[in-house]
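Asker: So the chains spell out like this:
Number of protein chains: 6
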Amino acid sequence: MSNSTIENFGQERERLNQIVMKYSGSSIKRFYSLDSQVYGDGALPKKTKELLGLVASLVLRCDDCIKYHVVRCHQEGVTSDELDEALAIGLVVGGSITIPHLRRTLQAWDELKRAD
Amino acid sequence: MSNSTIENFGQERERLNQIVMKYSGSSIKRFYSLDSQVYGDGALPKKTKELLGLVASLVLRCDDCIKYHVVRCHQEGVTSDELDEALAIGLVVGGSITIPHLRRTLQAWDELKRAD
Amino acid sequence: MSNSTIENFGQERERLNQIVMKYSGSSIKRFYSLDSQVYGDGALPKKTKELLGLVASLVLRCDDCIKYHVVRCHQEGVTSDELDEALAIGLVVGGSITIPHLRRTLQAWDELKRAD
Amino acid sequence: MSNSTIENFGQERERLNQIVMKYSGSSIKRFYSLDSQVYGDGALPKKTKELLGLVASLVLRCDDCIKYHVVRCHQEGVTSDELDEALAIGLVVGGSITIPHLRRTLQAWDELKRAD
Amino acid sequence: MSNSTIENFGQERERLNQIVMKYSGSSIKRFYSLDSQVYGDGALPKKTKELLGLVASLVLRCDDCIKYHVVRCHQEGVTSDELDEALAIGLVVGGSITIPHLRRTLQAWDELKRAD
Amino acid sequence: MSNSTIENFGQERERLNQIVMKYSGSSIKRFYSLDSQVYGDGALPKKTKELLGLVASLVLRCDDCIKYHVVRCHQEGVTSDELDEALAIGLVVGGSITIPHLRRTLQAWDELKRAD
Chain A
1 MSNSTIENFG
11 QERERLNQIV
21 MKYSGSSIKR
31 FYSLDSQVYG
41 DGALPKKTKE
51 LLGLVASLVL
61 RCDDCIKYHV
71 VRCHQEGVTS
81 DELDEALAIG
91 LVVGGSITIP
101 HLRRTLQAWD
111 ELKRAD
Chain B
1 MSNSTIENFG
11 QERERLNQIV
21 MKYSGSSIKR
31 FYSLDSQVYG
41 DGALPKKTKE
51 LLGLVASLVL
61 RCDDCIKYHV
71 VRCHQEGVTS
81 DELDEALAIG
91 LVVGGSITIP
101 HLRRTLQAWD
111 ELKRAD
Chain C
1 MSNSTIENFG
11 QERERLNQIV
21 MKYSGSSIKR
31 FYSLDSQVYG
41 DGALPKKTKE
51 LLGLVASLVL
61 RCDDCIKYHV
71 VRCHQEGVTS
81 DELDEALAIG
91 LVVGGSITIP
101 HLRRTLQAWD
111 ELKRAD
Chain D
1 MSNSTIENFG
11 QERERLNQIV
21 MKYSGSSIKR
31 FYSLDSQVYG
41 DGALPKKTKE
51 LLGLVASLVL
61 RCDDCIKYHV
71 VRCHQEGVTS
81 DELDEALAIG
91 LVVGGSITIP
101 HLRRTLQAWD
111 ELKRAD
Chain E
1 MSNSTIENFG
11 QERERLNQIV
21 MKYSGSSIKR
31 FYSLDSQVYG
41 DGALPKKTKE
51 LLGLVASLVL
61 RCDDCIKYHV
71 VRCHQEGVTS
81 DELDEALAIG
91 LVVGGSITIP
101 HLRRTLQAWD
111 ELKRAD
Chain F
1 MSNSTIENFG
11 QERERLNQIV
21 MKYSGSSIKR
31 FYSLDSQVYG
41 DGALPKKTKE
51 LLGLVASLVL
61 RCDDCIKYHV
71 VRCHQEGVTS
81 DELDEALAIG
91 LVVGGSITIP
101 HLRRTLQAWD
111 ELKRAD
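Protein chains in written order, with the working numbering: chain A, 1 to 116; chain B, 1 to 116; chain C, 1 to 116; chain D, 1 to 116; chain E, 1 to 116; chain F, 1 to 116.
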């Protein structure tokens with residue numbers, strides 16, 4: 001993703017989250033808060049947590065979740081070799097049904113690396 | 001969704017279902033008939049059944065199914081508070097992997113409410 | 001389930017939840033709290049919420065979750081006809097792959113009804 | 001599975017299906033009827049259909065469904081080589097998460113072959 | 001799909017696979033090689049294997065995988081009646097949640113048949 | 001798990017894998033080999049890879065896979081705090097439907113820690 005693509009992805013995500021907040025009561029709001037909390041630094045570094053989020057998103061095959069965590073992995077300094085090894089685990093665990101998502105994961109990564 | 005968006009969604013769905021009918025034998029046709037039957041009035045009111053269909057579609061993460069049941073929930077008089085509580089159950093049961101679908105669910109709901 | 005089976009199921013669940021609490025930090029504890037909150041009374045009655053939890057558990061095919069919500073549905077006064085109609089939606093949405101779980105759902109229900 | 005294990009599996013399945021029939025209205029009954037219909041002879045032979053049912057059950061990871069279709073494959077004269085090739089597709093599509101089910105599939109097959 | 005649509009689909013797939021190869025180490029490459037191997041001729045003919053891949057893709061609800069196997073089924077001489085019967089099994093096993101994918105499967109098939 | 005439980009789990013796994021090898025051709029054998037390869041040391045340490053395997057297994061809800069990776073995490077020196085944070089990510093991503101598996105994960109961990 002070029003910097004402007006990342007920006008657009010982030011802005012659209014933000015716009016839709018505001019609609020979620022408009023209609024959501026305390027339960028959905030609490031879930032969102034918890035969702036932020038689990039990726040913070042702790043006994044495991046943020047980088048490892050983003051890889052965990054990425055592989056979980058790959059095996060569950062959610063493109064939006066994958067794109068979010070790929071950007072975050074890039075921000076946390078994951079290298080291409082580390083990404084490859086994490087994705088290989090996701091591919092072997094989740095099977096060839098994840099391949100279309102793997103393609104889009106590495107397409108996003110390629111755009112991020114080109115913009116480095 | 002604006003009224004015209006709902007109309008377009010319905011028309012495209014209808015067009016594709018005609019292709020399904022063109023190629024399907026009795027089994028697929030019987031499935032379609034059964035699929036209509038289970039959402040009819042009975043011991044449970046239609047409104048509850050549409051909420052069941054919506055939450056099942058959310059946890060299984062099918063955008064087309066979600067969109068169909070959101071429109072039907074709106075037609076059956078589901079309120080925004082009822083929708084929020086049903087979606088909160090889907091979100092907690094299905095996890096953050098459902099959030100991109102939750103966003104699109106509430107975006108559709110927002111358009112339906114604006115067109116009220 | 002006979003009353004003693006329900007009791008045993010509840011006790012084992014409680015025992016394992018204590019092990020979860022022993023090792024869990026604030027995130028898992030917050031999730032547990034949120035998980036209780038979403039089934040409380042609100043715009044939708046508890047009975048409807050338990051049916052939503054049950055159908056979500058059926059289409060996601062989790063026997064422990066099903067058993068928990070079947071007991072709760074029984075406590076909230078769900079009738080056999082209401083249960084049948086909710087399960088029919090789960091079966092049609094989730095397909096024949098849910099049938100082994102449907103069997104166990106109705107086996108549990110049958111035991112609950114015999115103990116009424 | 002020895003002949004007596006197959007018999008027990010079939011009898012327990014039958015016993016639970018009777019409980020399903022006791023509580024089910026016309027929708028669940030119609031689903032059961034449709035579920036039988038799709039595996040009958042037609043443009044595709046029964047053997048191919050049972051292999052389709054088996055691989056679908058493997059990638060969706062349902063042990064009871066797998067066991068049922070393994071027995072049916074055996075009855076329809078599937079060979080060990082054919083089974084291996086069908087399971088290899090399921091394993092590659094579904095990934096290593098299917099391996100525990102693959103083990104139980106071939107354990108059942110081994111028992112069926114020993115009883116031949 | 002018209003011949004040009006099939007060509008475009010194949011070209012885009014090829015382009016993305018080259019990005020995958022650019023970043024992938026030996027594990028992902030070995031997976032790709034294995035993924036090709038399992039659909040080759042053997043005890044089961046290629047046609048049956050493509051039907052297995054198609055039904056597995058339908059119940060796991062992956063549109064790209066479905067499109068790939070529909071084209072391959074067409075190349076292997078699958079008839080419309082054979083396709084209908086295979087899809088009926090996928091629909092019954094996987095439930096109504098597969099219907100949007102079933103629609104797209106038969107839309108692709110319709111385009112392939114019109115171009116015959 | 002006590003040391004003898006771990007041993008039994010490993011022995012049963014080994015026994016069933018021998019049945020798999022008895023019937024499997026080169027594709028399944030190649031998959032097994034690839035499955036071992038991806039968890040080896042590389043750009044990411046084995047410990048991180050086992051955590052990735054564990055969280056993928058939790059969100060896909062496979063008890064046997066979970067048990068295997070919990071034992072491997074313990075062998076690689078994962079701490080209870082690290083495990084808690086990884087599981088919290090799995091729970092939030094995968095939702096309450098993973099809770100029964102989370103319970104069994106921490107029951108196994110508790111037995112491993114008691115045997116330390």
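Please keep in mind that the hints were generated in silico from the structure rather than gathered at the bench.
It is possible that some hints are incorrect.
It does not matter which identical chain is used: a pair holds within one copy or between any two.
Said to hold, decoys possible - DSSO-like cross-link-like pairs, simulated, lysine-lysine; straight-line CA separation at most 27 angstroms: (1) Lys47 to Lys29; (2) Lys113 to Lys22; (3) Lys47 to Lys22; (4) Lys22 to Lys46; (5) Lys113 to Lys29.
Asker: Against each hint, give a clear statement of whether it holds in the structure.
Answerer: Here's how the hints hold up against the structure:
1. Lys47 to Lys29: Answer is both: 25 angstroms inside a copy and 23 angstroms across each meet the 27 angstroms cutoff.
2. Lys113 to Lys22: between (36 angstroms within a copy, 12 angstroms between copies)
3. Lys47 to Lys22: between (32 angstroms within a copy, 23 angstroms between copies)
4. Lys22 to Lys46: Intra 30 angstroms, inter 24 angstroms, cutoff 27 angstroms: inter-copy only.
5. Lys113 to Lys29: between (34 angstroms within a copy, 21 angstroms between copies)
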